[in-house]
Amino acid sequence: MSVERNAAIEHLLARLYTDAAVREAFLQDSGRVCEEYGITGDDAEAFSRMRPEVLQRAARTYRKKLEFRSQAKRGWMEGLKQRLGLK
Amino acid sequence: MGWRPEIAPAILNNLHRIDVLEVLADDYFGASKRELDALRSLSREVPLILHGVGLGLAGTAPVPAKRLAAMARIFERVQPESWSEHLAFVRTRTVELGHLAAPPRNAVSVEVVAANIDQATRTVGVSPAMENIATLVEPPGSDLTELDWLQSILQACPSRLLLDLHNVHANALNHGYDAEAFLDSLPLGRVDSLHIAGGFWSEHDGVLVDDHLHPVPEAVYGLLVRFARRSGKPLTVILERDGRYGSMALAGAESQAEEPAVEFRREALP
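Sequence lines, in order, name chains B and A. Its first residue numbered 1, the first sequence is counted upward by one per residue in this note's numbering. Its first residue numbered 1, the second sequence is counted upward by one per residue in this note's numbering.
Don't read these hints as lab results, they were simulated from the structure. Among the clues, some could well be false.
Here's a subset of chain A near chain B, in silico, CB distances under 10 Å, partners left out [stated by the list, open to error]:
| no. | residue |
| --- | --- |
| 1 | Pro64 |
| 2 | Gln79 |
| 3 | Gly98 |
| 4 | Ala101 |
| 5 | Asn106 |
| 6 | Val112 |
| 7 | Thr145 |
| 8 | Gln151 |
| 9 | Gln155 |
| 10 | Gly176 |
| 11 | Glu180 |
| 12 | Ala181 |
| 13 | Asp205 |
| 14 | Val209 |
Every residue gets a Cβ at the ideal spot worked out from N, C-alpha and C, and that includes glycine.
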C-alpha cells in the first residue's frame with residue numbers, strides 16, 4: 001500500500017466522474033483502462049465491480065454539483081450590506 | 001441553517017429563529033475586505049461556522065497553499081465560531097473534480113488525512129471539524145469499512161466530527177450497512193455538530209442520491225433522535241438545502257421538525 005497507489009485510484013475515479021470518453025472506454029473494457037492508469041490486481045477487480053448505472057449517476061451528480069456551485073454567486077452581498085448599513 | 005444566497009433575505013428576516021449559520025467559505029476566497037466585514041457583522045448577529053468544500057483534505061494531491069491561506073484570512077477576518085471541511089478528495093494533480101469524492105479507505109489515506117489536517121490547523125490556527133461524505137461509488141483500494149476509517153482518523157488526529165446524518169443514511173442504504181449501528185459506534189465526545197439534508201431514491205439506478213434538494217426524510221430525523229438520546233451535550237444541528245427552497249415557511253417547518261430531537265436532548269440535560 002502506498003501514496004502512489006492511492007493517487008492512481010483517485011485519479012482514475014476523478015476521470016471517470018468527469019470525462020465521458022474515459023467513462024465510455026472504461027465501461028467497454030475496464031481492465032484496459034485500469035492498466036492505462038497503472039491500476040492492477042485487486043484494485044482493478046474492485047473497479048470492474050462498479051455498476052455502470054451507478055457510475056453514470058455519479059457522473060451526473062458531479063455535473064449538477066458543479067452547475068450549482070457556479071450559480072452560487074455572492075449576489076446576496078449587496079442586500080446584506082444594505083441591511084447592515086454598510087452602503 | 002446553511003447560508004445560501006438565494007434565500008438570504010428570508011434568513012436575514014428570521015435570524016431570531018436561527019441558532020447558527022453555516023457559510024460556504026469557498027464562496028469568499030476572493031472576497032474584498034468590505035465583503036468580509038459584512039460577514040463579520042453578520043457573525044456578530046448570529047454564530048457563524050465557515051464550511052469549506054474545496055481543500056480536499058482526504059486526497060493525496062497537495063492541499064493548495066493559496067486556498068489554505070484564503071481560509072486563514074477569512075477565519076481571521078470574520079471570526080466565526082469554528083470551521084469545517086470534508087473527508088474527501090476534490091482534485092488530483094491534473095483533474096479538478098469541483099466536488100467531493102471518497103478516497104480509498106485504507107491506512108495510507110488515514111495518514112494523508114492526519115497530515116493534511118495538521119497542515120490546515122497550523123495555517124488557520126484552529127482545527128477543522130471533519131465531515132463524513134456521501135458516495136455512490138465504494139472507492140476501490142479500500143480495506144477499511146467507512147466506520148473503521150472514520151474511527152482511525154479520529155484516533156490519528158484531534159479533529160472533531162461534523163456528522164452528516166443524511167450521508168450516513170444514504171451510504172447505509174447504498175452500501176448495505178446498518179445506519180443505527182454505525183451511529184452507535186461513533187465516539188460521542190468527538191461529535192459536536194450534525195448536518196441533516198434530503199435526497200431522492202432513483203428507481204432506475206437503485207440508489208439514494210444525496211442532492212440537498214428534497215425534504216429531510218423521516219429516517220434521518222430518526223437518526224437525529226437516536227443520536228440526541230445518546231449524546232451527553234447540546235448539539236448543533238444544521239439544515240443543508242441547495243435549491244427548491246419553496247418558501248421560508250418550508251425551511252422553517254423543517255427546522256421545527258428537528259425540535260423533537262433537540263428538545264429531547266434539552267429535557268434530558270440536568
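Going down the list of hints, with the structure as the test:
| no. | hint | result |
| --- | --- | --- |
| 1 | Pro64 | 15 Å, violated |
| 2 | Gln79 | 16 Å, violated |
| 3 | Gly98 | 4 Å, holds |
| 4 | Ala101 | 6 Å, holds |
| 5 | Asn106 | 6 Å, holds |
| 6 | Val112 | 7 Å, holds |
| 7 | Thr145 | 14 Å, violated |
| 8 | Gln151 | 18 Å, violated |
| 9 | Gln155 | 18 Å, violated |
| 10 | Gly176 | 13 Å, violated |
| 11 | Glu180 | 24 Å, violated |
| 12 | Ala181 | 24 Å, violated |
| 13 | Asp205 | 5 Å, holds |
| 14 | Val209 | 6 Å, holds |
This entry does not satisfy hints 1, 2, 7, 8, 9, 10, 11, 12, going by the numbered hints stated previously.
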